[in-house]
Amino acid sequence: MNKELKSFFLWRHLNKMRWLVLSLVFMMLVFLPFAHVYQTYVASFSYDLLNPSEKQLYDFMEMITSPFINDPALDLDAIKGNTWSGNFFGYKISDPLAVVGQIAAGLTIYWPFFLTAIIPIVLTIIFGRFFCGWICPATFLYELNTILSLSLQRIGIKAGKKRFDRRLKYAVLAIGLAISAFTGAVLVSMIYPPAIIGREIYFATALGGFGAGLLFFILTILFDLLVSRRGFCRYVCPGGALYSMLGRFRLFRIKRIVENCNDCAKCNAVCEFGLDPLRDKFGQECNNCTACIAVCPTDALTFNIKIVDEENQGPGHLGKAYLKNDNK
Amino acid sequence: MRRRHFIKDLIAGAVASSVLNSAAVEAAFSPQTGQRYLRPPGSLPEKEFEERCIRCGQCGEACPNRCIEYFDLENGVNSLNTPYITPRSKACILCMKCGQVCPTGAIKPLQRTAEDIIGFVKMGKARVEKSLCLSYQGKTCGVCYRACPLQDVAIKVQLLEQPVVLDACVGCGLCERSCIQLPQAIKIVPDHIRAVG
Numbered sequence: 446m447n448k449e450l451k452s453f454f455l456w457r458h459l460n461k462m463r464w465l466v467l468s469l470v471f472m473m474l475v476f477l478p479f480a481h482v483y484q485t486y487v488a489s490f491s492y493d494l495l496n497p498s499e500k501q502l503y504d505f506m507e508m509i510t511s512p513f514i515n516d517p518a519l520d521l522d523a524i525k526g527n528t529w530s531g532n533f534f535g536y537k538i539s540d541p542l543a544v545v546g547q548i549a550a551g552l553t554i555y556w557p558f559f560l561t562a563i564i565p566i567v568l569t570i571i572f573g574r575f576f577c578g579w580i581c582p583a584t585f586l587y588e589l590n591t592i593l594s595l596s597l598q599r600i601g602i603k604a605g606k607k608r609f610d611r612r613l614k615y616a617v618l619a620i621g622l623a624i625s626a627f628t629g630a631v632l633v634s635m636i637y638p639p640a641i642i643g644r645e646i647y648f649a650t651a652l653g654g655f656g657a658g659l660l661f662f663i664l665t666i667l668f669d670l671l672v673s674r675r676g677f678c679r680y681v682c683p684g685g686a687l688y689s690m691l692g693r694f695r696l697f698r699i700k701r702i703v704e705n706c707n708d709c710a711k712c713n714a715v716c717e718f719g720l721d722p723l724r725d726k727f728g729q730e731c732n733n734c735t736a737c738i739a740v741c742p743t744d745a746l747t748f749n750i751k752i753v754d755e756e757n758q759g760p761g762h763l764g765k766a767y768l769k770n771d772n773k
Numbered sequence: 005m006r007r008r009h010f011i012k013d014l015i016a017g018a019v020a021s022s023v024l025n026s027a028a029v030e031a032a033f034s035p036q037t038g039q040r041y042l043r044p045p046g047s048l049p050e051k052e053f054e055e056r057c058i059r060c061g062q063c064g065e066a067c068p069n070r071c072i073e074y075f076d077l078e079n080g081v082n083s084l085n086t087p088y089i090t091p092r093s094k095a096c097i098l099c100m101k102c103g104q105v106c107p108t109g110a111i112k113p114l115q116r117t118a119e120d121i122i123g124f125v126k127m128g129k130a131r132v133e134k135s136l137c138l139s140y141q142g143k144t145c146g147v148c149y150r151a152c153p154l155q156d157v158a159i160k161v162q163l164l165e166q167p168v169v170l171d172a173c174v175g176c177g178l179c180e181r182s183c184i185q186l187p188q189a190i191k192i193v194p195d196h197i198r199a200v201g
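In order, the protein sequence lines correspond to chains E and D.
Residue numbers 446 to 773, in the numbering used here, belong to the letters of the first sequence in order.
Residue numbers 5 to 201, in the numbering used here, belong to the letters of the second sequence in order.
Just so you know, not all the hints are guaranteed correct.
Pairwise CB distance ranges (calculated) [as the list claims (entries may be wrong)]:
| no. | chain 1 | residue 1 | chain 2 | residue 2 | range |
| --- | --- | --- | --- | --- | --- |
| 1 | E | M472 | D | K51 | 35 to 43 Å |
| 2 | E | D504 | D | L77 | 36 to 44 Å |
| 3 | D | K143 | E | T553 | 51 to 59 Å |
| 4 | D | I122 | E | S489 | 19 to 27 Å |
| 5 | E | F513 | D | L77 | 38 to 46 Å |
| 6 | D | A118 | E | S511 | 30 to 38 Å |
| 7 | E | A616 | D | E133 | 48 to 56 Å |
Everything labelled a hint here was simulated from the structure, so no lab data went into it.
The C-beta atom is built at its ideal place from N, Cα and C for all residues, glycine as well.
Let the sequences and hints guide you as you build the complete structure.
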């Protein structure tokens with residue numbers, strides 16, 4: 446086997462890295478509201494007035510934050526927000542969908558806000574729909590949901606396997622923006638799971654109860670579980686649609702090395718977005734999650750720097766179909 | 005084929021828009037001003053605020069007083085998840101952190117100075133109900149005056165500590181929060197309600 450054709454050995458381990466990033470982002474989303482509640486206790490000098498459970502929270506937060514900061518009431522302001530829009534040491538970073546939704550609602554462009562989405566847009570143009578696979582807090586829960594549905598299948602409960610038209614989500618994006626424009630409110634934020642999760646965790650922690658968004662999120666989880674595997678991200682999510690369009694000509698793509706491929710189709714089975722790596726059909730929807738690279742038994746998938754996918758390269762050279770043709 | 009689909013979609017969108025603009029839908033989407041609430045300090049006027057706000061929830065997360073709450077569906081779909089303040093339960097302390105953290109400028113970024121606050125913060129205006137106010141009933145009280153962060157600028161007291169609200173009142177609600185009468189004798193009339201009627 447030619448050494449150049451080998452996939453770089455680290456790509457196989459990117460999937461573990463991705464799970465680490467996903468769980469860190471999710472832990473951050475849970476930590477920040479608690480940090481805020483702690484800040485309010487500090488700001489009001491009310492330790493003696495807190496009830497025991499609040500005192501516990503205060504002590505715990507003091508324990509984990511005191512090595513890093515001097516004045517919690519001020520210094521914990523450095524990181525605020527969620528993946529929908531956040532404040533990171535003074536730099537504001539927003540989701541491109543927030544910017545697009547706001548432009549649709551107001552029918553004007555507010556440039557200071559537009560600039561906060563520049564970093565995500567540039568990263569999306571380079572890495573494609575990476576947000577969906579690497580950062581989105583809903584992805585974390587949806588992938589756990591997929592694992593749950595697989596284990597349910599093992600004990601005999603069948604999961605939904607319906608497939609719809611993938612272009613449905615572009616229609617959802619268009620209709621969502623149109624309704625935003627007609628009503629004059631950013632309504633896309635109400636059907637976009639990462640925004641919902643960031644908000645709802647904050648509501649539950651600091652304001653004492655979940656809001657209406659949680660119901661919507663539970664419905665999407667049930668949709669994924671009962672109707673279509675990862676169906677919301679595949680067919681409905683408006684943010685996914687926007688990221689897909691932005692990442693259409695992404696630089697970093699996954700490519701199949703046809704000489705190493707043995708047509709085992711594990712990549713197709715593991716792909717959360719129902720794509721077809723086996724026939725080189727990644728398209729704009731691939732989120733570079735690298736699950737297919739991790740599962741490939743012959744290291745036949747690797748990263749490639751190119752703005753278009755490879756043409757269909759035919760059956761893998763280690764596969765049965767290719768060898769049969771060879772013998773003829 | 006595709007272009008034809010696109011044109012079809014366009015027509016469908018136009019039909020949907022005319023349906024959406026009808027009065028019944030308008031009533032469901034637009035706020036019904038039944039509840040007396042304040043927007044965070046430095047907010048744009050109600051309509052523009054709904055257009056600008058992306059519902060990220062950072063204003064509440066920055067508020068050291070935790071006075072910013074969020075609407076569910078009770079005020080119409082348009083103000084779902086938008087921030088509001090109920091001054092009687094918890095009033096704004098005019099720290100101006102929510103404006104600094106707001107990414108969209110729905111809450112204007114203001115400094116915590118008297119000029120900025122008096123000049124640009126328009127949450128509402130306090131109104132004294134004289135029949136309920138203790139001072140106007142002959143018992144000196146003056147709690148609202150002492151709670152006000154802009155004493156003698158936004159509120160002044162006459163003989164017997166009778167409060168008089170001045171034009172510079174920004175409507176933070178600390179007077180309403182502190183009023184010892186039940187129901188409160190001083191109330192903030194929010195700007196968006198005053199504008200409507």
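These are the hints, each one checked on the structure:
no.: 1; hint: E:M472 with D:K51: 35 to 43 Å; verdict: 38 Å, holds
no.: 2; hint: E:D504 with D:L77: 36 to 44 Å; verdict: 37 Å, holds
no.: 3; hint: D:K143 with E:T553: 51 to 59 Å; verdict: 53 Å, holds
no.: 4; hint: D:I122 with E:S489: 19 to 27 Å; verdict: 26 Å, holds
no.: 5; hint: E:F513 with D:L77: 38 to 46 Å; verdict: 40 Å, holds
no.: 6; hint: D:A118 with E:S511: 30 to 38 Å; verdict: 35 Å, holds
no.: 7; hint: E:A616 with D:E133: 48 to 56 Å; verdict: 53 Å, holds
In summary, the structure agrees with every hint in the numbered list given earlier.
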